[in-house]
Structure formats: structure tokens, C-alpha cells
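Residue numbers (full-length UniProt numbering), protein chains in the order written: chain A, 1 to 436; chain B, 1 to 436; chain C, 1 to 436.
Incorrect hints may have been included.
Pairs of lysine to any residue residues, derived as SDA-like cross-links and limited to a Cα-Cα distance of at most 25 Å, are as follows [said to hold, decoys possible]:
1. B/Lys318 to C/Met61
2. B/Lys25 to A/Glu64
3. B/Lys178 to A/Glu174
4. A/Lys361 to B/Glu67
5. A/Lys318 to B/Gly304
6. A/Lys135 to C/Gly177
7. A/Lys25 to C/Asp171
8. B/Lys365 to C/Met61
9. A/Lys178 to C/Glu242
10. C/Lys361 to A/Asp388
11. A/Lys365 to B/Pro264
12. A/Lys318 to B/Glu294
13. C/Lys361 to A/Lys318
To give an idea of the interface, some chain C residues facing chain A are shown, with a C-beta separation under 7 Å as derived from the structure [to be verified]:
14. Leu328
15. Ser330
16. Glu332
17. Ala394
Pulled from the structure, derived: some chain B residues nowhere near chain C, Cβ distances all over 10 Å [as the list claims (entries may be wrong)]:
18. Gln39
19. Met61
20. Glu325
Hints were generated in silico from the structure; no laboratory data involved. Ideal Cβ positions, reconstructed from N, Cα and C, are used throughout, including at glycine.
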Amino acid sequence: MSTHTDRLHDRKFVRTFFTTPTAVKGEDDSAKMLRRAAQLSGIEAPDVWVPDNEDATAPSMRDEGIENIIDVLSEHGADVPGEIHPRVVWHRESPETRYQGFQQILELADPENGAVEHLDGVVIPEVGDIDDWKKADEFITIVENEHGLEEGSLAMSVIVESGEAELALGDLREEMGKPSNNLERLFLLVDGEVDYTKDMRAITPTGELPPWPELRHNTSRGASAAGLIAIDGPYDDIRDVEGYHERMTDNQAKGMLGIWSLTPGQVVEANKSPLPPKEGSWLLEVDDREIELEAEDDHYVYEGDAIELEEAADDRYKLSVGGDERELDSDELSQELLNLASYIPSLNDIVDSMEEFEAAKEAGKGAIAMERSATIVVDGVEVEISNDRMWDEATYQAAQTPITLFQDVYENRPDQHEDLEEMYGEDLVERAMVVG
Amino acid sequence: MSTHTDRLHDRKFVRTFFTTPTAVKGEDDSAKMLRRAAQLSGIEAPDVWVPDNEDATAPSMRDEGIENIIDVLSEHGADVPGEIHPRVVWHRESPETRYQGFQQILELADPENGAVEHLDGVVIPEVGDIDDWKKADEFITIVENEHGLEEGSLAMSVIVESGEAELALGDLREEMGKPSNNLERLFLLVDGEVDYTKDMRAITPTGELPPWPELRHNTSRGASAAGLIAIDGPYDDIRDVEGYHERMTDNQAKGMLGIWSLTPGQVVEANKSPLPPKEGSWLLEVDDREIELEAEDDHYVYEGDAIELEEAADDRYKLSVGGDERELDSDELSQELLNLASYIPSLNDIVDSMEEFEAAKEAGKGAIAMERSATIVVDGVEVEISNDRMWDEATYQAAQTPITLFQDVYENRPDQHEDLEEMYGEDLVERAMVVG
Amino acid sequence: MSTHTDRLHDRKFVRTFFTTPTAVKGEDDSAKMLRRAAQLSGIEAPDVWVPDNEDATAPSMRDEGIENIIDVLSEHGADVPGEIHPRVVWHRESPETRYQGFQQILELADPENGAVEHLDGVVIPEVGDIDDWKKADEFITIVENEHGLEEGSLAMSVIVESGEAELALGDLREEMGKPSNNLERLFLLVDGEVDYTKDMRAITPTGELPPWPELRHNTSRGASAAGLIAIDGPYDDIRDVEGYHERMTDNQAKGMLGIWSLTPGQVVEANKSPLPPKEGSWLLEVDDREIELEAEDDHYVYEGDAIELEEAADDRYKLSVGGDERELDSDELSQELLNLASYIPSLNDIVDSMEEFEAAKEAGKGAIAMERSATIVVDGVEVEISNDRMWDEATYQAAQTPITLFQDVYENRPDQHEDLEEMYGEDLVERAMVVG
């Protein structure tokens, strides 16, 4: 059954959106960065590669940029493992810029230039209302017609970087069905928080970007409702790997599984981030900091100082969490640590749980309690904890997302098979491919 | 004056939405759980009881489930203290499922089956666009007509568990007025975060549900704009009472005063949660943890370790908060503790404040400063704190919500009178019923 | 080029929205507060002054309130340094109240009363759907026509304090273009969280207002998409200056640069808040608390207790953050402190960075890495930290907002020149006015 929210594109998931300047002045070869990026492969290569002929390239270099894209795609396009979607210029408030964008697409897609066979689509920045999205769509339709390409064959992705564009996310599902446009070509909805911050006139004391949780939610929801894929914008503190990971974890909890990457190093991190870990782990959370416990022979040991635990008389315990001390009996202690603890399941664990529920369903049960228990050690004191979650059909299907993503990556990125096997071992990869 | 946002249903507030599997395989009596749930009363009985013929019941058991609902309602329906709204099957992407849902409603509402007189409405899961909501509404209209029921007499509640349905929340107010539908039958807007998480393709490291604050906001806002009632989805860590309470407090601050309950234990907690406490209390907040102070003869004593206070020379004080020490004079100290402190008013306190404002209004004042002061004791040092809030007409009306909820509960749930009197004392219950 | 999101009003930014009761019973002169507020100037005077004939004034005093506004505007209006926008009565659910509001505007704008030449617009509270906004707009059009004023010359600001009004924010951009209304007169979108809390039926344990982040986001986005200005509602704990500042910082990160003020003291804080500081400063953030470091000869010294640092053998370090201790080498230490640290740039710093990027752009670069480094001292140990941010055209433009705001204030508020020069020094003010 095909429905309006089915994703129409080859990729059901996109983890990485990697931009490269198209022409840099002062180099012997202004296409040097482009040429190098085109030759990335494996875990360093993005799912979507974006030769960026807009903000990353100086305005004076953009004509040369288009020629560079054509050269590099003609030469290396066939070997690029991900999809290729150059960003052209566009602005909702400037017909001049929109016409330049049209000309850039016309040039990129000209079969005589030899790049179009490697071109999966284009990225349109600075869109406004849905009517502005339609203008870009119409130009692409004209380009397709002019060059004898199939209507709708070039994908269109947009950068959501204005309040108007954010509002348009609510109209997409309805507008995409209309016969007077080809908006079914839409592929990625990418947040552009830098320009969005400007458009919203936001200020932070440090000049860092605001977190914009509502924008990311609305983008993810728009993607969900219209069968598209949501991508977060650039994380510009390029040395802060931990911060980049925190941002991706936050995004993933919003259903935004892909992110912009500015460097090959960021591509590696972003390609790996949404995949489940090989090993499960227990965490304790104190004062919003999560501390991973050390696994020692089926016990999980807390080695920080923020939690202190001591046995008192009569089977009672003194527990101090972040400087706040309480005396508890053993049940209360177990409950208290359970509240602080959480478990991050491995790829293996996820598959196991799914199978357990499948068996229960076979046996005529609609819902079962799924238990997870552990022995946690704090200051030498051992505490058994155990928690229950109700699983029903919906829980089961929600748990499937990381598995589906894993399978999508494996099918579409043969160049990453070796990396996946190195990360998980060959056996686990094979089992993950048949599950679900 | 009747307006479009007036709530058209008997209940203006719903605290609890309790689901029960309709047929469990392998039991002597597959309706055992249903039969037990139907006989709950008092604080263990929900405001809305939902025999769940969808996710909580295995697909192979759902025909039997409908018969069980009919049996149990015929036998016990008259004694169920809350409203009864079974959940039938439905899916925005499956006409087959939708037709099954129609047949289930047709069967439940058939007067010959003897259950319809106890049936307040039905719950439709997995709705999509507003046009999908209309399909369900139309089926209910047909059922009503077929069985000689008054048009609009069966309420319809929906589970919001897709991006599309979330977007539909913005259309409700406009669509409900149209003559071609009976959407005025809408009653509850219930978030279904598990399926929503699947639909949004979100991932969390631990597999816990994301918090989805924007979804809950949009649901609450949709309810407010269309005169409906917003309910949060299931909290599946059923042993984590503290976590359930935190979730309810968070919901209440969004205007979502009701929540799903999976067990009678959760029903008890959820029935009590939005009611004001009997006794007021002072809190100090350090590092996002709120510590309730011990009341001792009009003094409020802090007994934790996260705050330390010591008198120094010359009427100065050393205050250490979470490891960060400062020297302050007595005014600064008082201001600092005031910033950390907050007061949770009792039912009594709320009534007192409302009366004080009413008196001021009588005297021609539009706004007054409302003062609250206390003596707080940290490490033996006594500190007087006092804060002011401006109250105007709007503040007064906003403060009234918990009182209105209390009165709605008292009027609609005679089976809980005893519980309320046990919680608050008879006098306080009487006074709370005449206030406002 | 004029576009639909250009702001059509004299002020591009409004920092302060100061309400004053129009008539207080029991005083010799019921207009005393109004008269005093009209004579504020400099940093104590708001950008927008709102004689409040709605919630701040008792219903019985509102006729007198209108006369008082007329008297005070006739006498002092010419000297009021900000704009003047009285609030009249209105309610989406009461035609009676709406008609009263119409009569109040008719009276205020009557040229024979001598106040209209000082009247910049009116504030309409309690609006509902966009159709309700149009009713108010139509009344103002009629008033303009009746009194021979230019159509659209009176601005209209609204208080968003219902779910319906929040939904209307999504329709504004489309509706404002229609020939059948004059909604181009819209100026401020002001959140009214007290009434909104009532309308949403939200409850908090302490009775404090919920933070409503989504409402503020949607208001700011609506303003951005329609060329209007977003203002946050009243902060009613009037003694809590720190809390007021935190709220404003939070608002600014949402693009909501203005806030309601209830007292001249709040006006001072709110006028200063969105302006960049004179001196830059380094912060360390531990457990969500940000500690400003002391500058000593180019070193920045941490003086709190939440972070402890000690040199161990072999060029290794023991770092304890909030009770969690780790041993690190010098690179890890530097990275760790970098993660905790952030820099708040001064007006000067912002200008410097903008110039550096402009030079790079001239040289044909579309993006450059902007470095900021410092020596941080914890427990006597010196640590060098350094971070990089990628700047491109968009970063540059986003950084410009505080400068544009500064320039807007300087141009529109000559009465604050002295205050600005006192805050920043004459030289810095001059340089800030020519930058960008």
C-alpha cells in the first residue's frame, strides 16, 4: 500500500549532509576542496554531499563554482558513494537571486556538460512561504523539460531558515498533492539555524546559536507528515566533538536523524551517531550529568564522587546524592538508584526484546511487561535494581527505528560494509540485517 | 453566553483515562480484567474508563473483545462511576482497519445488545489529517442514525499519534463549526507518544520515550481553542511513581490536566495529582532539585547539605549553594534565599488569596501586591524572606483553575466524596465548594 | 526593496512596554500614576507606554480612565519620549466588551479632545481568531474615517492570551495582504501569560506562571513572518530583578527582544537588557550555574568551589567538577575547560569580529574560522583554552542584530543619549553608530 507519507526516495534515512565550498580564491586549483570531498568514501563519506555554491562560497566565485561542480562531477561523480545535491543561490525576497539560482540549475543539469547523470537533486536555501517553494519547483520542472529529463527526476531539498518557511512546513502535506506542482520531488528539510537566528532577530550573550527546539520539532513533524527527511543545520564549533554528539542525541529524540557536517571529521561522527552501540551500558544520572558505570563481572560500578553510599545499622543505608543525604531501607535504596539509573541497549539487546514481544504476540498477548535488572555497586555496596516497561504493538514498532536505519545504511552504502563489520563484528551485522 | 470554546460535555475536567485489555487469551474468563476494572470505585476508579480493543488486546482476540465489552457493560455499566469510552481499531492509512472500526462501533451501540445505555462514546486511535477525523465522525453519525440514537450523542475522542494528527489540531476550531460534520461530538484529545515516536522515527539511547513537549503543548492548545479536554499518553514505567508525578506536574503546567493510566495504582495517583495539597509548604531549589522544608513552629527548616550558611563578623553571612560560596549582608542573604525559595499553597491558601483580591476589587483597585513571608532556618541561622506578586483580574482568574477542577470532581464523582473528605477534612471540602 | 516582512513602523525594535493604571480610586487625583508615568524620560522611560484601561484599572473606573488618558496626553503627550499606545477593553467572547472598546477608541481619537496627535495606536487585549482581530481593525478604520484621520495611521497591537490567538499567529502573514482589511496597522504582538494560563487551564504547584516556551516561540515567529515586533508579558515578581533578567535573556534567544514592565525599575532593566555589555567576560558553567570569572592582567580567575584543579605527576591533572573527579593530560584538561567555558563579547568585540569577516569576504573567502582564546586560572593552575567558530555570510548577519538594535535605540531615543554615553563612553557609542 502506498500512502502519502511514504518516502518516495531511494534513501529512507539520511545521516549526513556535508557541504563543501565550490570555489576558493587564491588556491592553484579553486576546485581543490571539491575534488577532495568527491573522493571520500566509507565512514568519512556523507549520505548526501552538497557542493555549496551559496554561503560557503564567496559571491564573486560562484560562476566559477558552478563550472567546478560540473568538472568534478564529470570526473569523480560515478565514484561518490552517497547522493549529490549541490546548493544553488535563492532568496524569497530577491527575484534577481532566484533567477540566478534558476540559471545555475539549468547549467548543472545540461546533459552536454556531463554532470547531470551524477546529479540527484539541488538544495534551495532561503525559501519563504509555500508559494516561494513552488517557484523553485517550477524552475526545476522547466529545467527538466528543457533538458529532456523526466519530470520530477531531480530532487529538491530546502533550507528552512526563516519564520515564513517554518510556517510553510505545516502546509506541505496538503500542497504536495496538488496537480499544479511537482512538490513530490521534495527530499530533505534542512534547518539553517544561523540565518534563521538572523531572521528571527535573536540574541544570545555569547553569540552562540539559540537551540531552537520548536523549529527542529516543526521540521521533523513536517517531514513525518509529508514523507520527507529532516536534517539539522551546521554545528559550527567544529572542535567540540562532545557538543556535536549531544546535539545529535537531542535531534534524534525529535525524529531528526540527520545533521549537517562541515568537515570529514564531523561526517564520521554523524554517520555513526544514530547507529545503536555494540555494547549495552548502565548510566547513573546526577544533577543532569550522566555517568557511565564500569562493567565488572556482571556488576556495574559507579566510580564518581557525586553519589555516596554507606551501610548503617538495621539494614538501613545512608545515600548522598549531590550533597543531599537521606537514610533509606533497602527497598527505598533500590527504588532510589533505579530512578537515577538507565540502560542503553546494544544492537543485540534491541533485537532480543523485539523477539520476546513477537513471541508474546504469537501467544495472544497484546502487551507484556519487559524487565531489565542489574547489580549496581556504589562505594562497595551492592544494590539490585530492576525495572519494568509495558510493551505493546506500538512499543515494538517504535523500537524498530534504529534497526530500520541500520538496514537502510547497509543496503545503500556498500562502501561502509567494512566499517560496520569492524564496529559490530560480522555476525552481529548479519543478524541485524534479518531481524524485524 | 455560549461560545465556541465552551466545553459541551458533562465533565469539564478529566484527570484519568484508564485502559483495560478487552480479551486476554489463556484465562478461564477472557473478560476477567475488564470485569474487575468495571467494578472499581472511589479514588481507584478513573474519570474515563477505556475498554481497549486496540493495542492492549491481541489482534486475534478483538472480536471476542467487543463481545466482552458488551457483556461487562450490560452487567456492570450502571455502577461504573466514571464515563465509558471503549477504544476501537482505526488507521489513517488502512481502509480495512477503518471498516473494522466502524463495525465494532456498530456492534457496541446496537440497542439490542444492551450496552449502549452505558456507552458515553468511543476512542479512535491513529487518526491522520482532519479529513480522516471526519471519516470516523461520519461512521459514528451513521451508527447513531442506524440505531435510532440522537445525532451527536456518542462522544468521539482521538489519539494523536502522528505528525499529521498533530497538524490537524490547528484546524479543529474552524472545522468543528461546519454543517457537513458532527465534530462537535469531540471530547478528549489524547496523546499517544509511543506510536507518535514511531511515526516521527525518533530514537533515544535508552529506548525511553522522548518528552515531546511541543506535541503536548499543541494538544493542550488545540483543546483550549476548541473546547475539548487534553490528556497525556501512557507512562509505561509503571513502578516509577515519582516519575509519573513529575510528568503530571509538567503536563499541568501545559494545561494538560489528565493522563492515561495503565493500572489502578496509576489511577489513584492521577486522580489526586491535580488537586491542591491540604497543607502548604516551602521549598528551596538547588541544582534543579527541590527540597521541601520542615515546618517547626512557624519556622521552615532546611535539612539538606547542598546549602550551608554561617554568620560571619559585622552582620555578614557566608552562604554556600551547591559548592559555590559567597559573603553577603543580611539583605543580600534574604534576597538570595528568596530566589531559591518557593511556596506551594494549600487549597486553603488559594481560597484566602482569591478573597483578598475580591475585596480589593470591591474597593476599586484593579491590581494589588500579594505578599507572602516566612522565616527560613539554614544551619541554625534564621532568615526572614518575603515576596510580592502583582494580582489583577487575570491573576485571580488563573488561580481559580484548581478550585474549578475540585468542584467539577466533587459534582461528578459522588463515589469520591469520602476520599476527598478523608484527604482534606469535611470543613475544607465544604468551603472549597462555595468559593469563587 | 520593500517586502512583506519589512517592519512598517518607525521603531524596528521595542524593548519596553510599560503599563500604567488609568484611574485609581481613593487618590485625590485618580490620574496621579498616569501623570507621573507620562513624565518619565531617559533610561526610565519605555519605548512604548501603555495607559492601561483594561486589567490594571478597576472596571468601575474605566470611564474616568479614558478621560484621564485624554487629559494627561493633552498636557504631557508632546514630551513623552517613547510611543503612546493605550490599552482599551476587548474580548473575543463578548460583543458588549468589544463595543465598549470601540467607544473608548472613538473617544481617545476624537480631535476635539486634543489627545490624538500624541496617540500612536491602541492595544487590543483578549483577541481570538484572526476574524476577531479583523473586527478590532475594522473599528479602528471606522474611527479613523469618522475623525478624518488617515486610514491605517493608528497602530494596533494585540495581547495574545488565548489558544485561539496563538493559532491566529500562523495566519497573519497571509491575512495582512488582503484588500478587505487594514491589518498592516499591526505593530506589537504581546504575550499575556496570565490570561493565557487561565485560558489553557494550566496549574503549577506554586501558582507561578508556566514558562510557555512554545507560545513565546510562536509569537516571535509570527512577528518575524509578518514584519511585526514580539513582546513578552508581565513578570509579576517585581522584586526579583535577577529572575527578570533571566527571563529577558531567555526571550532574546527566541527573537523576542521586548518585554512588559510593571514599574519604572523594570523599565530601566528592560531598556538595558538587550544592549551588549561594555566589557567582555568569560564564564564557566557547572551544574547549569554560570560563574563569571575575574579578569586579572589577561588571566581569568575562577573563584568558586564547584571546580577543583590540581597538578599531579607527569604533566597530568586532577579536575573535579561538581564532585565528579577525573585525571586528565593537559590537552584533555584544556578541552574539558573549553567545554565549560564561554565568552560574552562586548559591543567592541562584536564590531571587531564583523570587520574581520568583512575583510575576509573582500579577499574572496566565503567562510573563515574565528578564534577566541584565553588563560583561565583554577586553584592557581593556568590553562590555555581556545575555540574556533566558522563564520560565513549568515553568521555575520546574525551577529549584527544587537548592533542594529543599538542604532535603532540611538536614533529614536535622543533622551537616552546621555545614558548610553555614560554606559559605554562617548567613543564607543560613536563607533557603534557607524559600524555594519
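Right, here's what the structure says about each hint:
Of the supplied pair hints, the one linking B/Lys318 and C/Met61 is violated, its CA atoms being roughly 50 Å apart against a limit of 25 Å. For a cut-off of 25 Å, the pair hint linking B/Lys25 to A/Glu64 is broken: about 70 Å separates their Cα positions. Restraint check for B/Lys178 and A/Glu174: the C-alpha separation of about 19 Å stays at or below 25 Å, so the hint holds. In summary, the hint linking A/Lys361 to B/Glu67 is supported, as the alpha carbons are separated by about 21 Å, within the 25 Å threshold.
For the suggested pair A/Lys318 and B/Gly304, the alpha carbons sit about 13 Å apart, so the restraint of at most 25 Å is met. Taking the CA atoms of A/Lys135 and C/Gly177, the gap is about 19 Å. The hint holds against a cut of 25 Å. Only pairs whose Cα atoms come within 25 Å are accepted, and A/Lys25 paired with C/Asp171 is rejected, the gap being roughly 45 Å. A distance of roughly 9 Å separates the Cα atoms of B/Lys365 and C/Met61; the hinted pair therefore holds under the 25 Å criterion.
This hinted pair does not check out: A/Lys178 and C/Glu242 have alpha carbons roughly 52 Å apart, beyond 25 Å. Restraint check: the Cα-Cα separation between C/Lys361 and A/Asp388 comes to about 58 Å, which exceeds 25 Å; the hinted pair is violated. Under the criterion of a C-alpha separation no larger than 25 Å, the hint pairing A/Lys365 with B/Pro264 is consistent with the structure, at around 20 Å. A distance of roughly 20 Å separates the Cα atoms of A/Lys318 and B/Glu294; the hinted pair therefore holds under the 25 Å criterion.
At roughly 62 Å between alpha-carbon atoms, C/Lys361 and A/Lys318 are farther apart than 25 Å, so this suggested pair is violated. Restraint check, C/Leu328 versus chain A: the minimum CB separation of about 14 Å is more than 7 Å; hint violated. For C/Ser330, the shortest C-beta to C-beta distance to chain A is roughly 16 Å, which exceeds 7 Å, and the interface hint is violated. Hint status for C/Glu332: violated, given a least beta-carbon distance of 11 Å to chain A, over 7 Å.
Interface restraint check: C/Ala394 against chain A, minimum CB-CB distance 4 Å, threshold 7 Å, status holds. Interface exclusion of B/Gln39 from chain C stands, the closest Cβ pair being 31 Å apart, more than 10 Å. Listed as a non-interface residue, B/Met61 keeps its Cβ farther than 10 Å from every Cβ of chain C; the least gap is roughly 38 Å. With a closest Cβ-Cβ approach of about 6 Å to chain C, B/Glu325 is found to fall inside the 10 Å limit, against its non-interface label.
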